[in-house]
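S.K.: First to last, the sequence lines map onto chains P and W. Basically this note's numbering = 1-based index in the first sequence + 6. Basically this note's numbering = 1-based index in the second sequence + 592.
Any given hint could turn out to be false.
Stated by the list, open to error - Below 27 Å or equal to it, Euclidean Cα-Cα: the simulated DSSO-like pairs (lysine-lysine) are: (1) Lys58(P) to Lys307(P); (2) Lys875(W) to Lys227(P); (3) Lys684(W) to Lys168(P).
Treat the hints as calculated values from the structure; they're not laboratory data. All values reported here derive from a predicted model rather than from experimental measurement.
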Amino acid sequence: MFLHYLELAWRNTLAAKGLSALMVLALALGIGACMTTLTVYHVLSGDPIPHKSTRLFNVQLDASDMVGWRAGDEPTFDLTRFDATALLRDKKAMRQSMSSGFNTAVSLADAQTKPVFSSTRYTTADFFAMFDAPWQHGGGWSAADDEAEARVAVISSSLNEKLFGGANSVGREIIVRGQPLRVVGVLKPWHVKPHYWDLTLGSYIETEDFFLPFSTAMAMKMGHWGNTDCWARGAAGGSSYDLNASCAWVQYWVEFAKPEDAAAYRDYLVAYSEAQRKAGRFERPTNVRLRNVMDWLGAQKVLPADVRLQTWLAFGFLAVCIVNMVGLLLAKTLRRSGEIGVRRALGATRADIFKQFVVEAGLLGLAGALLGLLFAQGGLWLVRQSPNDYARLAELDASMLALTLGLALLASLIAGLLPAWRAALVTPAVQLKVQ
Amino acid sequence: MTTTSAISPTTTPRADGGALRAAGRALADLRPILSTLRRHRIAAGLIVLEVALTCAIVTNALHLIQTRIEALNADSGLAESELIVLNLRDSKPTQRERTAGIVAEDMTRLRALPGVKAATSANQIVYGNNSNNSGVTLEPDSKGLRIVASQYAADDQLLPAYGLKLLEGRNFAPDEVLDSFQVFSVAEPRIPQVIINKAMADKLFPGRSPLGQTIYVFGNAPSTVIGVVQTLTHPQLHRARSEGGAAMIFPLRGGGSYVLRVDPAQRDAQIKAATVALEEHDKSRVVTQARPLTEMRAAFYAQDRAMAWLMGGVCVALLLVTAMGIVGLASFWVQQRTRMIGTRRALGATEGQILRYFQFENLLLTTTGIVIGLGGAMALSQLLMQSYALPRLPWIYLPAGALALWLLGQIAVWVPARRAARLAPVAALRS
């Protein structure tokens, strides 16, 4: 029976070519626009580390002075080096790491290779295990290396390609700021989106190319790229990166064995803050934040407002397309009242008529979905041409593909219900009399 | 007017009489139209709904486009077309105490290039990705009125290089420019002079001359205002708007971008010349970025431009889809009413009357849709204001949106209405 309906639907669609084409085109435009914006939304709001995002937490303490303080404000964005070092020493979480970003030239001892300016992260031993770094060769460094300001480095696959032609470079030497460092690990290609452990240089920047111990970077007098927030006497004549400077610029993350451990850690942070207040280092009322990955990304408003706005706009557009389709389908259906009357007179039940018209709407929906998919691909291609740092991420994946087909079918079935119901209401006698 | 024309139709000017007659005929059509629409309640409701949705979305989208375009056209106050910006990196570490000396040498080198009108080294420039901000107070130790200002640090050539106009006072003298590293190597940095922009002068010293006044930025050491410039914005223009746009310049020589003012036609050649001049001198240095400021501006606004295009595209698509819907339903109605049209034509109705009948019907439907849509537009605007901190929809968009949809409706209905009017009465009756 279904096949028969399908055949009827196909014949009727062909019979009203212009009208059918209009409906399919309008639906496809709506679907295309929706899928383009939804895909961008989906890619940008995704979980960068799904299996442990509920166990990884960012730490904030309010270390600033009272100038400009308002109740209810967010605490200082980053940690001071002093506080980060103190928390790291206490080791109250399963894993913890302090880090900050920079950009430096990395070269080889030979004079031929041109120095490569590389995005840099100086951090502590746990970093790689916490953020699931994928290893190609070797591995990270140890806490003892952190302690000893060891001259070691981890490099990305692309930097390894540039400097060593992709060979296993563990144990080889690289030159940074005139000093030799030994490569202990080479990463596989690693693209973390968004760049959640440090959002200050852009939310969707590439993962760093060069990693070294925090202590080593400080010993080598490296600078810092990203936010630096100073208060009171600030660097007090020294560098903002000194241990005792009143400047916040360090990102601090902790990992727990299970999400419930966060409560105890929060208590520990409150106690730490209180102690600092007693000691006179902190002036503000105790104000700590401990947010897991997705809460952190939400609080920092990583998803551009424009992307959300675009998505709403596209759905508004789809709504108009659906209303439009209902109207056109209705017109098309009622135009065939005579035919329906005959079929009813020949014994077709209301349910038969209803089913036939729903199948017809579904067929149009399928055509709209396929064309919409094409439009979505075109739309995403356009998005990728724009110069945003997230633009190149806009790709349709399997789940979005399924969603497209589902959305189009759903839209066309919703659009088809009302006309099908009206068709089912056609009374055979009146129609035949009119004939 | 109505009574006059009724009493003595011959004295009424022709135009008035014509308009009146048309209105009268339209009113006469009102009853059959209303009764038809009542019978096609669902189809009529769908057209109204579609027009209403389109109206609500298009007015707000147009407003969004307008705000984006405004942002795109914002004036930075700089001699934008004449500026090129160079960023220099050294693969060897430089000692920070040597930075000022190196910068001074580079400046001499750059200013000596033929065609360079002015050159400076500044910590930030509009459309760049650097932004330095400091709290400013009128009393020592962060007490009293406190504002946050964008903090520029550059030598005495910033004003001529950026193309800034002095409103009051004077520029820095060359010997007032300090070594940034030395200034900040003491616990209480002292910078005796500062130049502020007009926005900051108005905020801190309303109604009096800022010249000779002191401000406190670094603890207890005062800086005296020696000049006021007209336009100097926050490096991120939108933040200048949202945060009041206070900015100040300190006479400091330290690291930063090199900004050159050259002849607009010579920019590419000058970038090459400057790059060669800088890299030749010290082989370990690399000019990592060198581009005209106009290019930085284009990149800075890329997102806004893309958004405006997207909104525009959706608006056009929406209007097209709505027009398609009107054409589709009106065609259906014409077909349904073939018999009625034939009867009316046979009874003496002219083509024009049939045409106007359908146009008037469409006018009624779109007007209903527009009224609902305008309410929707205002509600949507309210929602956008709350969720996205957008400005309120200016009232002018409402009549503009209404007019656009009226026109769209009339154009869309023209095709089927004309087909109806052209029907031969006999053929229409026979079918």
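S.K.: Need the list of violated hint numbers for this structure, in ascending order.
M.R.: Checked against the structure, no hint fails, so every one of them is satisfied.
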